[in-house]
Structures are given as C-alpha cells and as structure tokens.
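Engineer: Based on the hints, put chains Z, C and H in the right spot on chain G.
Respectively, the protein sequence lines represent chains G, Z, C and H.
UniProt numbering applies: residue 1 is where the first sequence begins, and numbers increase by one.
UniProt numbering applies: residue 1 is where the second sequence begins, and numbers increase by one.
UniProt numbering applies: residue 1 is where the third sequence begins, and numbers increase by one.
UniProt numbering applies: residue 1 is where the fourth sequence begins, and numbers increase by one.
Please note that a few of the clues may not be correct.
As the list claims (entries may be wrong) - Have a look at the derived ranges for each label pair, beta carbon to beta carbon:
#, chain 1, residue 1, chain 2, residue 2, range
1, Z, 432, C, 208, 55 to 63 Å
2, H, 138, Z, 196, 39 to 47 Å
3, Z, 227, H, 50, 30 to 38 Å
4, C, 188, H, 231, 49 to 57 Å
5, H, 203, Z, 196, 30 to 38 Å
6, C, 21, H, 428, 25 to 33 Å
7, H, 298, Z, 196, 28 to 36 Å
8, H, 169, Z, 358, 51 to 59 Å
9, H, 370, Z, 196, 54 to 62 Å
Simulated from the structure, these hints should not be mistaken for laboratory data.
By construction, the Cβ of each residue, glycine as well, lies at the ideal position given by its N, Cα and C atoms.
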Amino acid sequence: MSFLQEIKSRDRVFDFLAPQSSRVDVRHGPILYLEDVSVSFDGFKAINKLNLTIDDGELRCIIGPNGAGKTTMMDIITGKTRPNEGSVWFGSRHNLLHMNEPEIASLGIGRKFQKPTVFEALSVFENLELAMAADKRILATLTARMTGEIQDHIDEVLVLIGLTALRHRPAGILSHGQKQWLEIGMLLMQRPRLLLVDEPVAGMTEQEMERTAELLTSLAGQQSVVVVEHDMGFVRSIARKVTVLHQGSVLAEGSMDQVSNDPKVIEVYLGADEEVA
Amino acid sequence: MAIPTHNPLSRRFVTSLLAAAVMGVGTQAVAQESDDPIKVGILHSLSGTMAISESTLKDTVEMLIAQQNEAGGLLGRQLEAVVVDPASNWPLFAERARELLAQEEVDVVFGNWTSVSRKAVLPVFEELNGLLFYPVQYEGEESSENVFYTGAAPNQQAIPAVDYLINEVGIERFALVGTDYVYPRTTNRILEAYLQEEHGIDEADIMVNYTPFGHSDWQNIVSEIRRFGEEGKPTAVVSTVNGDANVPFYRELANQGIDAADIPVIAFSVGEQELSGIDTGPLVGHLAAWNYFMSVDTDENYDFIDAWLDWTGDEEAVTNDPMEAHYIGFNMWAEAVRKAGTTDVDAVKDAIIGVTVPNLSGGYAAMMPNHHITKPVLIGEVQDNGQFDIVWQTPSTVAGDAWSDFLPGSRDLIADWRKPMECGNFNVVNGSCGGSTAVEEAEAALAE
Amino acid sequence: MTSSHSTRFWLLRPFGERTTQLFLGVLLAALALVTVLHVALPQGHALHVNAYTVNLFGKYLSYALLAVAVDLVWGYLGILSLGHGAFFALGGYAMGMYLMRQIGDRGTYGHPVLPDFMVFLNWESLPWYWQGFDMAWFAFAMVLLAPGLLALVFGFLAFRSRVTGVYLSIITQALTFALMLAFFRNEMGFGGNNGLTDFREILGFNLRSSDTRLGLFLASGVALALGYLLCRAIVTSKLGRVCVATRDAEARTRFLGYRVERFQLFVFVVSAMLAGVAGALYVPQVGIINPSEFSPLFSIEIVLWVALGGRATLYGAVIGAILVNYAKTVFTGVMPDAWLFALGGLFVLVTVLLPKGVAGLFAHLRRRHVTQPQEASA
Amino acid sequence: MRRFLSKAFVCALLLGLLPAALAQTDAPPTDDAGYRLLETLDVDSYRAKGEAITAILQSDDERAREWLQALLDGRLQRTDDGRFVVVLNNTGRDWPVEDALSGEPLGELSRRELDRIGINNALRNQLRSAIAVVDLYSPNVERRRSSADRLLGEVDDELFETLTPVIEEAEDDYVRRRLAQAVAIHQAENGEMEGVEALAGSLHPRARVALNRATHADDPAVADAARAALASVEQNLKINRGVETLYFGLSLGSVLVLAAIGLAITFGVMGVINMAHGELMMLGAYTTWMMQQLLPGQPGLALLLSIPAGFVVAALAGIAIERSVIQFLKGRPLETLLATFGISLILQQLVRTVISPLNRTVVTPEWMSGSLIINDALSLTLNRLYVMGFALFVFAALMLVMRRTRLGLEVRAVTQNRAMARSMGIRATRVDILTFALGSGVAGLAGVALSQLTNVGPNLGQNYIIDSFMVVVFGGVGNLWGTLVAGLSLGVINQVLEPWAGAVLAKIIVLVFIILFIQKRPRGLFPQKGRAAEG
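With the rest of the complex left out, here is chain G (with noise of 0.2 Å):
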C-alpha cells in the first residue's frame, strides 16, 4: 500500500465520516467474504489462496493443526494484519482492507483473543460498560453518564456470564475461566454481526464448557459466529459445518462427520486419529 493511500486511510479514520450504526448488506448472503487471500511473514505463507465464506447467522467452525494459519485469519479480518493479496467483503459493502481495527470493530466485529485479554486494572462492571456499543469519540466518551438504561444492559450480561457478584473486583483477580467469560460478555456488549471467537474453552471445565457451547449455539441465527477450536468433543457439540485449514489454505468443508471422514483431513491429522475419530 502506498504512503498516500497510507494517509488516506488514515485520515478516514474521522468518526462522523464512518457510518454510525452502519448496516450490513446481506442481501447477497453472505455476511463475510475472503477470497484468494494471501499472506506471508519474511517468505514463510502464512495464508495460501485462502477461500472463506460465512453466512448470516452462520455458526461456523474452524479447525486445524498448528500454524495452519487460523490466528492469521482472524488477524486479517480485524485488520490487524494486511494480507499481500486477494479481497475481504464485510457484507457486499465494506472492503474490510480499507479500514483499521476500531473501524472494523464499529462496523460490527467482534473479536476473542486466544489467550484471554480483558482490563485487569478495571472492574469486571468496567470491562463490559467500555466494550459496549457506544459513541466512541472522545468529547462523548469523557462526558458519558451512567444512565438505567445501560446499567440494565450491563446487569443482564453480567448474569449471563455468571459474573454479577463478582461484578465491582478488578478483573485481574478472575479466573482463566471467567476471564473468558468477561471476554465473551465483552463480545456480547459490543452487539456484533459477526463474532470471531479463538480458542472460547481452553482452560474450562466441563460444565463451564456446555455453558460456553450452548451460549454460542444460542447466538447463532440473530449473530454469525466463527469459532476457531482444537477441542475436537467440543466442536462437535456445537458445529453445523465445519472447515478444516491447513497450510493456510482450506482444505475440507462440510459438516462434522463429511470432514471427519475425508481422508486428506485425517492424514493431515495422522497421529491424531482419535482426535478426529
């Protein structure tokens, strides 16, 4: 990218020029589109010619072995990093290449990191009240109120990530299991159109898991979800199609059992077996 397109970019980054509320056209279907996406760090590719579809509403799976380049993935469509080639649609409008993350983000993104990411300095009510969907300019963020309005939005979320007595202690104290969950209620009160949830159940016990997998399953449909897991049991509970990446590029589609089957997947995940079987 040129250094004038650079500054262009960057000079777009004025709020009142971002679309507030900006819809999302799924008319065509699908809500996110990468095509032919490549990238490469120092020669090594990272993402190969990479082909992704998610529907509206979609609850998407993603699977892989390491390095197959589902982190980078993600990094590219919260525009974190810039692919060397190919094309990113949000919606049929939105050329995800030509926005930086937090316009990314205001147009609906929302992202989990893999290892879990919340303000350990700010209060677990702090955490949610700063991820929700808000004017998020300065003059509007110094003068914010507290209004009922919000502090609703935020007890009903705090509930739903089981954290309403814990809700006034800085974050840093929480578990790894309930940073996760702060993290998703995070996600929640963005109230996104496409979430990209990394690794949602490392570290969890089983229930904290079920819990985790029938939050996600009840998303889907108002929400599209993509969820990038090695848990394989897991997966299987919630996934209705799955893709499998390899070598950053896609290498299966389909659901669980077509992809579990497909003899690429398997010697891919040779030694792995009992994994996918």
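Structural biologist: Below, chains Z, C and H without anything else, positioned relative to chain G:
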C-alpha cells in the same frame, strides 16, 4: 526529627507546614552586636558541572578569611564563612543568593562563575541590596550598583590579546572560535568591530565559528581553520572555547598538523586549572591571555602560592586568574570596611571606590567608579607541565570598561557609581541615566 | 475507581471522592497557613515564614503541578515521557517572553522594544515570534498553545505510527535534547545560554515585592488544585477508563472500537498544557528561564518524583515532587556531594523496592483499591 | 606522567645525590668558555641578547642547542650566586634544576632564588630558526627531517644564505627536498619566478601560502605564474577535500558505532534499557588512565593493555548492575530505564568523589598522534584512523560471538523464546548475565577508544548516551548490522551537514531526522520481521 538543626529553612518548613510550635524557637537572626562575627557568603557551585572550576574559588575565599582572622579579623570582629551550594543550576543560584541575603543576612558575597549565574542572581542582589564580588573574566555590558567585577572586562583581556598578536606576532587574519554562549558571542562581536575599525582588517580576514558546550568532534572546524590559514596571510585563532571542549579541540589541531608556529591559538578560558586536567602535549606553544599566571615571578605571588599549597595540603595544587581576582576583591572589601568603619552595604559601596590594593603580579589594583578594577594583561605560552611562560605583558595596568566602545548599543554608555551620577548606564550623548537608546527611541516611538 | 459517581457531570465527579476531598483540604489548609504565618506574624517571630521560604514553596507547587501532568500520561496512559521538561520549559519561555516585554525601556540599554541581549548582539528589530508577547492575554494563551501544539504534532506522528513504550521514551528524550541544543543557539533569539532574566513586573505587580511573590505562591497553589481536579475528572470519566484499558491492553481496546491513538493524543496534549502552565508559574518565581530546563536529566528527574510518590494516583505525584525537591534543598545545603548519590539511590530503590511509591503504601494501608499498572511495557 | 618522572627523579636525588645538591654553593666556574657565553645573555638590551645568541650559535659548543632550547622555554635561569641553571620542572615551591654547564643535577632550588633570562618575540623567532638550523647538522636523521619540516616558511634572507650550501650537502633526500621547498617558498614570497616555478603543483599548505603571496608580486609575470600554479592544484584539492569530509564522517560514525554497539546487545538482544551505558564507557576510559598511571613512560603499552582491562572492568560492573538491579525488573523496561539512570548518576558521582571532579590526563602514545600523510593536502589523523579500525574489529568480533559461538546461539534462543530455551536446558539467567556482561564490556572498549579522542572525566558518558540510543533505534533494534550502517551513515550525514549548517544545527537536524524517521518506520532501518515482532 531527622532534619539538620543548622538548616533554618528545614525548620521553617516544618514549623510552617506542620505548625509544630515546639520547634524553631530562638532560631531567628538576632539583632547584630558588634562582637558577633562578620558573615561572608560564598556562592560557588560545589556540585554539578561547574564544581570543577568553582570549588577551588570557595577554598580560596575560605583561605583568605582564615588569613584575615589570624591577622585579627576586621573591625575587631572575626569573619565567618557562610557556604551554600547552587549546584551548577542557574535558578538555584538565585534561590541560594536569596537565602544568603534574606536568611543568613551575610554582609558580603563572593561568588558565581558563569555569566548566566550572575545574570540570575543580579535581580536578587539589587532587590535585597547585597554586595557581590564576581571574580571571572566576562563579556562586560553590565554595571550593577551591587556587583563588583574583579575579573577582566573584554578590554582587559581580548583587546590587548589581539593587539599583541598584530603588533608582536604580525598576525593579519583571525579565526574567532568560541562556544555558543554570551561571553564568546559578545567578545567576538567586540573583536570583529575592533579589528576592522582600529586595525583596518578586512572582513574577509575574520572567520567566526560557534560550537555547543562540550563539543567533541572538531574535525570539520579545524580543517576549515587550516584552509582559512592557507590563504597567504599569517593567521591566528582567538579561542573562547569553554571547558571540556578544549581538549578535543587542541588534540585535533595537533593531529591535523597545526602547531603554534603555523597558526597560534590564543585562549581566554584556558588557565592552569584547566590544563591540570589534560594532556598538555598538543597545547605546548599555544597562548593564553589572563591578568595573572601562576608563573608570575614576584614574591607576593610566591607567598600566595605557598599559602595555597599549605591550605590545600596538595603540593600539585595550582593557582589561577579568578583566584587572584578573589584575592584582590577580598582585600579591597576588607580595606573598604576598614575605611567605612562598618560592614553596612551602602557605606562599603561608597568607601570601596578608589580603594587600591596590591595584586599578585607586582602592581596595584584600584576599584574604578564603574565597579571594575585596573589589571595588567599578560600573555602566556603553554608549557608541557601545565604552566605558562609569560611572553608579553602590558606596560601598565588597564582599567576595566563596563561598556565596550565597539558595540553600537553601548558606545555612548558609561558607569559611575559615585554621587551625584550614581548610574550604571549613563548616556553621555543625551546626558541621561537609563541606557543608550532610551530617549531617541522613545521619541521615535512617539513620532510614529 | 468504581463507576458509582459516573452519573454526575464529569467535571464534578472528583468532588465525590474521599482522596480528592482530602487532597484539596490539605492543600488549601497549607496555603492558608503559610499565608497567615507570612503576613500576620512579625519578622523574627519563631513561626514567621519569610519571603524566601514562601518563594521556595511556590516553586515546589509549580513542580508538583508538573508532576501531576507527567503522572496523567505515565500513570494512566502508560506513556513514559522523558521529554515533559520540554513542555514545562516552553510554557516557561512563553511567560519569560511576556516578562521580558514588560521590562520595556527599563533594560540596561533602555531600548523600548528590544530585550538587552538583542541590543548587544546587534539585533535591529524584534523577530516575528516575539510579536504580541507584550500583551498578557496573548502570552498566557501561548503558555498553553506552544506546548500544546508541540505535543499535538509530536503525539500525532508518534501515536499514529504506534510508537510506544521504550521507543517513545527515547524519542521524547531526543526531542527535549534537540530543543535544548536549539535554545542554546543565540541565533534562535531566546537569549541562548543566558536565557531570559532580570524581570521587573507581572500584570503591573512588581516582581521584587514580597506581596507579589506571595501572590505567585497562591496562584501556583490554585493552579495545582485546578490541574489536579481536571486530571481527576479525566481519569474518573469513561475516557479515563479507556486510557487505563489502552495502557494494559492496547490491541484489545482497538478491537472494542476505540481509536486509541486519538485518546492518547488527547491526554498527551492536555498533560503538555498543564506542564506549560507549571512552567509559566515557575519562571516568575525563580526569576530566570534558560535552556537547562530542557535538559534530559531534568525530565527524567520529574519521572522520579512521580515514581516515588506513586503512579496513577495523581496526589502521589504531588507528594513525590515536594519530597524530592525539599530533600534537594536540604541536601545541596548540607552535603552537596551526597545529593547525586541520594538521587541515584532513590531511582534504584523506588523502582526495585517501592514500585507503587509512597501512595502505594497509603493505599495498601487503607486497603483500598487503586488502579495499578502491571507491565507498563507495550 | 612527566610530574611522576620528576618526582621519581627528586626522590633519587634525596637518596643519593644529596652531596651534589649541597655542592652547588661554591663559586660559578667563571673560567668556563660556556659560562662566558651564557653571561653575555644576562643583559638588559634585547639586541645584545640577540648578538649573544648568534655568538652561542657560532661557538661550536655541543651544549649550545640545550641552552638555546632552555632559553626559548624560559627555563634557562640564573641563581642569586650567579650560576646558570636549567629548570627541569617549575611547579611547586622548589624547582629541580641542573647546572647549565656541567649538566649535573643540583637538586631543588627555591624558585625565589632563581632569576629567569627573559626574551621577547623577536628573539623567540630567532631562537626557533636557530635551533632548527642547529638540528640540520644533528646526527639523528629524524631530527634533521623534522627541523627541515619546521623550516618551511620560516626562511628569511640570512637563513637563506645559511641554507643554500646545506641543501647540496644533505645526504638524506627527504631533507634535501624539504629544504629546497623551503628555499623556494622564501623566493616565491619575495616574488621571484624561480621559487614560483619550483612550487608549481605542490599541494603543501605552506607552498600555497607562498604562491598566494606571490600573486600580489610586483612582477605581473610572476603573479600570473603563481595564479596558474594555484589553479592547477584546485581540482586536486577539491577531491582531497571531499575525501577528507568522508573520512571525518566515517570516523565520527565509527565512534558512534563503538558507543552504540554495546547498547545494541543489551537493548536489542535483551530488551534492557541501560541508561548507565555511558558510565560503563566512562569506566573503560578511566581504566585506560589507571593503566597509564601504573605504567608511566609507556602510554602505548598501557593503552594496549587497557583494551582487555577496560573490557573486564566494565563487564564486571555490568554483571554487578545486572545482579543487583536489572534481574529484579525483568519485563519492565521502563522501570529498568529509570533504575539504570539512577545507577549512572551514582557512578558519575562515585568517580567525582573517589578520583576527582577534574578531567584526567590520558596521554596519546607517539604512534597514535599526528597524521598519516596521503599527500601534502590530505592527511588522515592517526588517532581516529586507529579508532576506526578498532570499531570495525570490535564489530567483527561481536558478529563472530553472536553467530559462531555457543553463547551467541543461546542468546538468540533466549531472545526468541525464553520458556522454550529454558525447557531445552539453556540456563536463561546465565545467558542474561553473560549477554549483559558482553554488552557492558563492549561499552568499556568504547571508553578506551574515546579516551584517545576526548576528555576523560565524569561527564564522558552523558555526552554519548542519547546519540548511541539514536543509533540503535535508527538502525533497528536487535540488529548489529543495522547499528553499524546507522552509526556510519549518521556520522557522514552529520559531517556533510556541518560545514554549511554549523555544528549545532547539524546535530539538531540529525536528531529531528531520526525522530521523524522513527515515526515512518518504527522498527528502524533493518526491522526484525515476522509475527515475533508483531505487537
């Protein structure tokens, strides 16, 4: 309370902030009685970058006080040194000056080295009507009622120095190299004007260059000087380079093959003290202009040096020009106090004008009405042992000129603190006190 | 900081906090006490506070305001600026230029317009950037604008390209170093090494009268109070929480849709302006401004005040500034050589043993939660 | 060092030569011819002194040169009892002297009983050339050459007479050429065609001085010839000038590289900000000074020895810092920055109180002073040439360590993934210590080099710390090559800017340039790529 008891400030801090009434009783300066000591303030940096130069001056004053006390003190009272440390920090100088005058209520202050520190304390001394003896050669352009300038004014160092170069060495071309601060700036400006007006030296034969403090990479400048010297006329460098920058400067000169025979360098800020810190090899044969050298061959000087060696207990210790300035200043003040019969500032100010005391180079120094003194000017050649071999000296002493005749702003100004004039910047043209441009500029302003 | 106050108007929130109430109480009490002890009591009375001491406290207070400014960016934004001395000095120079112009024709050369140093360095006319400084309103505006503008430009570039952490610290240091070199140059027309001095009066009050000095002392106190309130209001607002969020997890904050670089810029500029005000109050009280205020060493020292007092508390910064500077006054008076040892030692001890500073201790004792940065690295 | 010698010498006296010292009271040997010669010097009229000097010159007394030299230095003095002595060292109360005639040491005399035989500048010049002439006949060829060099431009009419025969006799052809040149210069300055022609094409500054003067000659032909001669070398000079500037830039650059390369390791590889880096350099410089104190008289050897010594001292100091402070601040770079800054203050003050606030004298050994003469117009200062070489050597050595040794491997491993490296049995703490020691040691080496260029004083470090950080950041953290390129290029940029921007502005411009550059490329010239570097 772990606060040093002999620091009144700390006490005030505590008393005022915590209002601990128990503290601080009877710590105030009690009314002066004739038998309690005369307080002599010393305002020299003992820490920070200037400590190198200034701490020796503090010792000098302490030595002089000790000597005075041995000789029975002054007006039958003992002298007591009050030492504070402005830590080479200019705002701190003002603060400390205030402490000395307002808090310690000293009768006289000996202090300061850099011009900026003097400028910083000046308002304080004028506000609180104190006495300051300033011992370092400086740029002139100043005469305060409360300050006595015992160092050289430009006409007591720079101008005789170039006279020497022109008349004795036959120099026709000058490179004025200096550190970028007010003393070199002013001195060089004066020299430029002086060389052109008095010696008819062509502007093209004067090169001026400024470098930052502690400049260490002289390659370009030195080679510039070298080329400047290749134009056919005998060339000299007049150096107002300050402190640390000197070693790399002379080293580069030597390494680029410029020795004193080709292009002599005459320095105004390189004295015995500075030389004692460096490899003198590259400097040997170069020149310096001062009003005193340790190598002056007089018994007064030898007495002073012996006293100094005893006082410091260091046989390698050196004396230098500002030390002599303090020596003269201190004796002048003492003499004035005797004359006035009191340490009262105003009385001393009046009494000191015209006071004459011996200097260390076999002559006498007199306090002029403009608060500057008469000094001989000596040119010395650096020897490999860090001493100067005196190669020339003015036949008689030169009176310090507060206002240079070679700067447009100050041509018409004189200073005379005797009644009735009592003015530091009297304009001889329009006969008014208050600067060269006051009247006509004001008129011009009105005219518009 | 719980969001219990957040229903109030943002500027008023701080008044609801115990710490703020306590802080303001102590500060105002101290101001009143010193004033009374200075005015009411006669010279020579045991508890009389003389002009010199008042002046000294005034200086401490302006330093304290500077420390608050630094704490705002370091404590809450995680930006360790080693260049805040530059903003302080710029504010100081703006004020200094005003005071210079106030001298008028009372300078030694009696030139009605040109300051003395310009006269004897043969400047024939006033450079353009000195125009307007004879008007108080303009000069005081500049006290805010000069540092603010520098912070805006510098911050815009830096945050836009996500220069953070150590890199930012280093280039802020380079910035103030470059400015120091620049102001040392006499061609710049700021008096070079000698800087600006020999001030006569401010707003018509004689700078050499002790009443004026008391006035400046009080002004510094009030400025500190207001500055503290402003910063407090900022950090207790949602914006403040966004800052903390940025400090601890910048990427995450971005993914929440906050344009981090502009929050950083906003706070950075505010802080720079506060530093400028501190400088403007400092100059008339010490009577000189020169390039040494730009020296990197000074800027780092400021950071130490904050570190000692305790980051991300604001009042800690005030405590730190006063403690260190009082110690400096005492030390350089009593045992000059020891001062650098003490200062250096403080740096080490505070960072290794007392990462939360004095305020951290208080907080620990009061067992009340104060937001703490964990890894300030980016 | 000289002082030290004289001290030793004095002690020797006090021990053994006391009788000699006492023996000095007996009457001066008025029968000695030399004594009578010297006596003629002790007169008031400077003309008489001038004649006396000529007399001494003509008397083929082998002590003549010493006398003249002493007279020139103002060390030829006369005691109250009329003896002539040469003062060996005129510091302190009593000065060691030796008899001007016998040359035997007379112990220390009080400076009060010594009268110096004064001279004026006319005499100084006369003496200088006189000594030069004497040296022309000296058996020592080096001395002959240097005196021939000194005579360039010093020749006056009478010297011209003396020299013309000498030129033929001189068996050393360097001397012959130089003398011919000297004579030619004299002729050119007098506007004689012969001289101008002889000097045509010469690049020597002195020669060009003479030609410049000749351009003002009365005889237009000579003037034109002189101009032509000057013009002919102009192009050549320009080239030389360019080369010179480049050299200046590279030498400044190599200093920057030396100062920065240690940082490149501690900062780049370990991510540790060491604000005390400058003070570690200072330690290296002071080590050099120590060495020279320990080995008086052999500055060269001392310098060579202080290379390993400086490394070790600084490295040990580094280890101390790492153990005492930095290890507790892992992963808190900003705190590390503050703490190490504190350490730098402490180290500075330590040196001030323990050694001295004054700068220390570090002597430049013979083989490092002066210049390497490429041609008469271009000469490369030796000390900087050595420093340049040294910088490259250090760099190469470091590359070797990082690329080829076990340590380097472990360092890189730990840098990339601490946990992984640990689990593979690399003792990370040990690696940290070694890395930091290495970086600090290199700083020490830089100090040793700097002691040959600038002051050895408590402030030495401060002057370089910011520059070196700039170099590392500019070059790209964690990349030694980057540091090398950055350092050299910054040096050259600076020196190219300096002539028209002035030293200060040049520095400012470079700083601003770097600041802006970092905005454009936050990771410097040679960034570390890949996900590792992200975020």
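Engineer: Indicate, hint by hint, whether the structure satisfies it.
Structural biologist: Verification of the supplied hints:
{"no.": "1", "hint": "Z/432 <-> C/208: 55 to 63 Å", "in the structure": "23 Å, violated"}
{"no.": "2", "hint": "H/138 <-> Z/196: 39 to 47 Å", "in the structure": "45 Å, holds"}
{"no.": "3", "hint": "Z/227 <-> H/50: 30 to 38 Å", "in the structure": "35 Å, holds"}
{"no.": "4", "hint": "C/188 <-> H/231: 49 to 57 Å", "in the structure": "41 Å, violated"}
{"no.": "5", "hint": "H/203 <-> Z/196: 30 to 38 Å", "in the structure": "32 Å, holds"}
{"no.": "6", "hint": "C/21 <-> H/428: 25 to 33 Å", "in the structure": "49 Å, violated"}
{"no.": "7", "hint": "H/298 <-> Z/196: 28 to 36 Å", "in the structure": "51 Å, violated"}
{"no.": "8", "hint": "H/169 <-> Z/358: 51 to 59 Å", "in the structure": "57 Å, holds"}
{"no.": "9", "hint": "H/370 <-> Z/196: 54 to 62 Å", "in the structure": "37 Å, violated"}
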